[in-house]
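Peer 1: Note that the protein sequences, when read in sequence, are chains A and B.
Sequential numbering of the first sequence, starting at 1, is according to this note's numbering.
Sequential numbering of the second sequence, starting at 1, is according to this note's numbering.
Hints listed in this document are in silico derivations from the structure and should not be mistaken for laboratory results.
Careful, some of the hints might be misleading.
Some chain A residues flagged as far from chain B (calculated, every beta-carbon gap over 10 Å) [what the hints assert, rightly or not]:
#	residue
1	M52
2	Y69
3	L122
4	D155
5	L157
6	L203
7	V295
8	Y326
9	E333
10	S421
11	K451
12	N475
13	S563
Which chain B residues face chain A? A few, computed with CB under 7 Å, are given here [said to hold, decoys possible]:
#	residue
14	L2
15	R42
16	N103
17	Y128
18	L167
19	G174
20	F178
21	L202
22	G207
23	D220
24	F512
25	G520
26	A549
27	M560
28	I567
29	V581
Each residue gets a CB set at the ideal place from its N, CA and C atoms; glycine is no exception.
Here is what each chain is made of, one letter per residue.
Protein chains: 2
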Amino acid sequence: MLRTTTCGALRLEHLGEHVTLCGWMQNSRDLGGMTFIDIRDRYGITQLVFNMNDDTDLCNAARSMGREYVIKVTGTVVERSNKNKDIPTGDIEIKVSTLEVLNAAKLPPFLIEDKTDGGDDLRMKYRYLDLRRNPVRNNLVLRHKMAQSARRYLDGLDFIEVETPVLMKSTPEGARDFVVPSRMNPGEFYALPQSPQTFKQLLMVSGFDRYFQIVKCFRDEDLRADRQPEFTQIDCEMSFVEQEDILNIFEGLVRTLFQEIKGIDLPSVPRMQYADAMRLYGSDKPDTRFEMLFVELNEVVKGKDFAVFDNAELVVAINAKGCAHYTRKQLDELTDFIKRPQIGATGLIYMRHNEDGSLKSSVDKFYNEEELKKWSAAMQTEPGDLVLVLAGETDKVRKQLNELRLEMGSRLGLRDKDKFSALWVLDFPLLEWDEESSRYHAMHHPFTSPKAEDIALLDSKPGAVRANAYDMVINGTEIGGGSIRIHNKELQALMFKHLGFSNEEAQKQFGFLMNAFEYGAPPHGGLAFGFDRLVSIFAGLDSIRDVIAFPKNNAGRDVMIESPSAIDQKQLDELKIRSTV
Amino acid sequence: MLRTTTCGALRLEHLGEHVTLCGWMQNSRDLGGMTFIDIRDRYGITQLVFNMNDDTDLCNAARSMGREYVIKVTGTVVERSNKNKDIPTGDIEIKVSTLEVLNAAKLPPFLIEDKTDGGDDLRMKYRYLDLRRNPVRNNLVLRHKMAQSARRYLDGLDFIEVETPVLMKSTPEGARDFVVPSRMNPGEFYALPQSPQTFKQLLMVSGFDRYFQIVKCFRDEDLRADRQPEFTQIDCEMSFVEQEDILNIFEGLVRTLFQEIKGIDLPSVPRMQYADAMRLYGSDKPDTRFEMLFVELNEVVKGKDFAVFDNAELVVAINAKGCAHYTRKQLDELTDFIKRPQIGATGLIYMRHNEDGSLKSSVDKFYNEEELKKWSAAMQTEPGDLVLVLAGETDKVRKQLNELRLEMGSRLGLRDKDKFSALWVLDFPLLEWDEESSRYHAMHHPFTSPKAEDIALLDSKPGAVRANAYDMVINGTEIGGGSIRIHNKELQALMFKHLGFSNEEAQKQFGFLMNAFEYGAPPHGGLAFGFDRLVSIFAGLDSIRDVIAFPKNNAGRDVMIESPSAIDQKQLDELKIRSTV
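Bound conformation, chain A alone (with noise of 0.2 Å):
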């Protein structure tokens, strides 16, 4: 090794060692005859001292050095006069006897500092950089001890790590494949796995009863700010279990990563029916981290001569503890809020329940105080709350007021990040009606098996079909889902069939699974969970862009690389593929 400790290690013991150390220059100090440098690696930072009258000669050497060198210094430890407690290594510092600039640097183009003077663009352009800074660097750090964290408590559990096909085949069903032209079968396609959902059935199907992968997994998707073409997932399938089984295995993953990494005690995970969450909460995934539940006021509001209620399918309201103290200025903010054109909504209600104990509402016109006590009843207020009623159609309502709620909880400062609220929601639709295609979709994927109890209303009633499919929600974030699957081929011949594939498209798509199914299939089931996500929960942030060494940017570019790129017409005649560009 070129050093014989690390920039973090050094403590008061290690006083009058003699020690090299190599890193980068963080920064330098020149206090009259004496200069004191920080050099930093990835373990910390050691303050080095240089004496103008004990060897003028080193100290102009150190002096003459720029932010981000490369350096190689030898001394030995001393006591500091003036500590730091802000660093472990602040008791001591090192008296250099000898520098060696392994590498100079130009300046970078933006501070490597925890808090950085560099945009987000720039950043990326530089990440090599970028990723120098404790903030960055510590994401990723995270992210290790996590993966490590999950492996260990799955071997624990006998499950084995089996790594399947980037190269696979393109599956037009779900989101955009990625797609790699073959070479050696000419006009042939591989396409990048959106996930190995049909090789870890397979797995199941060979009787490898556990298994699991952390794996990269790949969408073509226009893409939204927070997502990735290429993200990893913890892909999990048991054989022989029931939806029960499932659940208290990962969320003992779940629980153990957050002991592990966070210290934290996550209790046991509350479950919640699909119909409930949005019931209660307009979302899927709710965030279970407050309250505020929705309260539908239908019964309560209906035939007052308001014509908005009266011809709503759906009156609802949250309960805004605390907030009828609430300015006409801060509620035409919020009116303002849920009329952009992403929520949609037409306009906001409200009543205050005053301190003085009086109700009064923005339809007094239409609601005296004695129906403005039932409202109040039923929303429970008291002094000092703030009632907040949407009304419409009952998909769109719940959407509007789940967007006002998280709004209202954010306001309140009720979505602290250091606390952390688990949710699992069973029990999900098994298909979603798709505007665009008009036909169903499956909400999870074609191998969801439906509740045993359900399938006869697959003909007749399909929309009310409901899966053994279940998410993980943290935080209002979904964090993972799966689901028990079929394992039977009659069955899963129907699904694509009420998929609308015909015997042909299912054949040629997924033949090799429904074939794989006639050989002795076990029951079957598993999840997988989005990585970047969950640490990115774990890191306290809200992007995954950070808890990822080398992100793309929404265009799908890394600006770093430069990629993608043209490439050589020789590469293109070979690939026997032109461009129509």
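Model the placement of chain B on the given structure of chain A, informed by the hints.
Peer 2: Just chain B now, kept in the frame of chain A:
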């Protein structure tokens, strides 16, 4: 769980317990009024017993099942009268009280037994059935354990696993890339990584200090028997190190794997110069399980009017101990072996050191007994030995004799799969001449550093420049290699120049790396182990195919899922590409 225990868990201590097992019907035997069924899962095999007198319906139901039916049985653990010492559960059987068929099975196209009757093609088409066989599944369990063990070792040494992008940039240097058309950036392509080389070097520039990743890599090559288009590496990189540090740490990894996985204490790994390996074994990956070193005979044999030797650049021989008794037929076989077009020798010359002490060669016309005594002395023969001699151009004849040495090693049983001999080969040449392109190529890759003392030779004698590069070889197979990298922009630019890159080409392809070197790059180096190969050596297999769950065939096809395949015109249109087939 559908079961209370597995098919591998029950022993005499469980007698009388009421248990539920799930698994596959391995086989069935009817003996008078009794039916015995072996039920199999990943954990083992348990015998079930049904008695026609006790429950006729149940016994008939058992008799009606076929091989590979998936069943669930409940019963009582009883002692077997006829114990089976070959399996851990052989002392007990289950007296079955209830039987449920969870899934029927068609008769598999081959036997699900350790020795199967299925040929390669059939096994690959029904890989999900092949994976049910113990030897195949055991290979993947071994693979899992090795990955876990490697991660533990590296994590324990402060290495951080960082995921690098799969969608990266095409770099024409090296093997062919698989490319991925970008829909969002029409006319542009991502490439799948041949290795994360540049990214791991950038992580060193970022100060990550110790990086590893068990990672899929991709090469679009014409597949030889033992190559796969996607393969897995244990990829590692360290900062502030010298070659010695890398050798020690990764020798430690391999020895830990042997210890933890196979209970073998591998001795400290010997080291050999590349030049010595070529001289003594004719190979940069010698099989050191046996000696049979090359002896160069130019000094001994030249000048005796035997044109074959006199005209040869190199005359070189091995001593096949104890093979003097080889018959004319056996010697003809060896001659045919080395004359095969793949090897290409023109002829084999031999000398027998007979048991009676006499020396007899195939070129007695030119060499009398006195001369042959010199051969014997040089080859250190004893009575009973056979000397095999080849002559020709140095590089070619070494390759040929390497093949002959390996063949003799196999014939003499010196290449035991349960014996392991590891070797570091050091100081590889930096460059190798490529006939086709008439220029030097990087022997490892363009980021490998030349030895400081050889840099002066870059202009005058490029082929003589040695690199700070090393390979680990086990049992004659290269399982990994690496180098100390260039960390300085000027030297990297010089390397690209010597590899025939114009400044523009170098900047276009690797500008991001050379730019990064200007912002404070530390000295660094690393290596990558071929994980598939390493597992196959641990498993005692010649091919990597059976340590990969879903391998592709020599045409790059997955015959099970029928991939690659044609994709929809709509997909091609969206990607703005067209097939020219």
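Peer 1: Against each hint, give a clear statement of whether it holds in the structure.
Peer 2: For each hint, the structure was consulted:
no.	hint	result
1	M52	holds, 26 Å
2	Y69	violated, 6 Å
3	L122	holds, 13 Å
4	D155	violated, 6 Å
5	L157	holds, 12 Å
6	L203	violated, 7 Å
7	V295	holds, 40 Å
8	Y326	holds, 43 Å
9	E333	holds, 36 Å
10	S421	holds, 28 Å
11	K451	holds, 17 Å
12	N475	holds, 24 Å
13	S563	violated, 4 Å
14	L2	holds, 4 Å
15	R42	holds, 4 Å
16	N103	holds, 5 Å
17	Y128	holds, 4 Å
18	L167	holds, 6 Å
19	G174	violated, 13 Å
20	F178	holds, 5 Å
21	L202	holds, 4 Å
22	G207	holds, 5 Å
23	D220	holds, 6 Å
24	F512	holds, 5 Å
25	G520	holds, 3 Å
26	A549	holds, 5 Å
27	M560	holds, 6 Å
28	I567	holds, 5 Å
29	V581	holds, 4 Å
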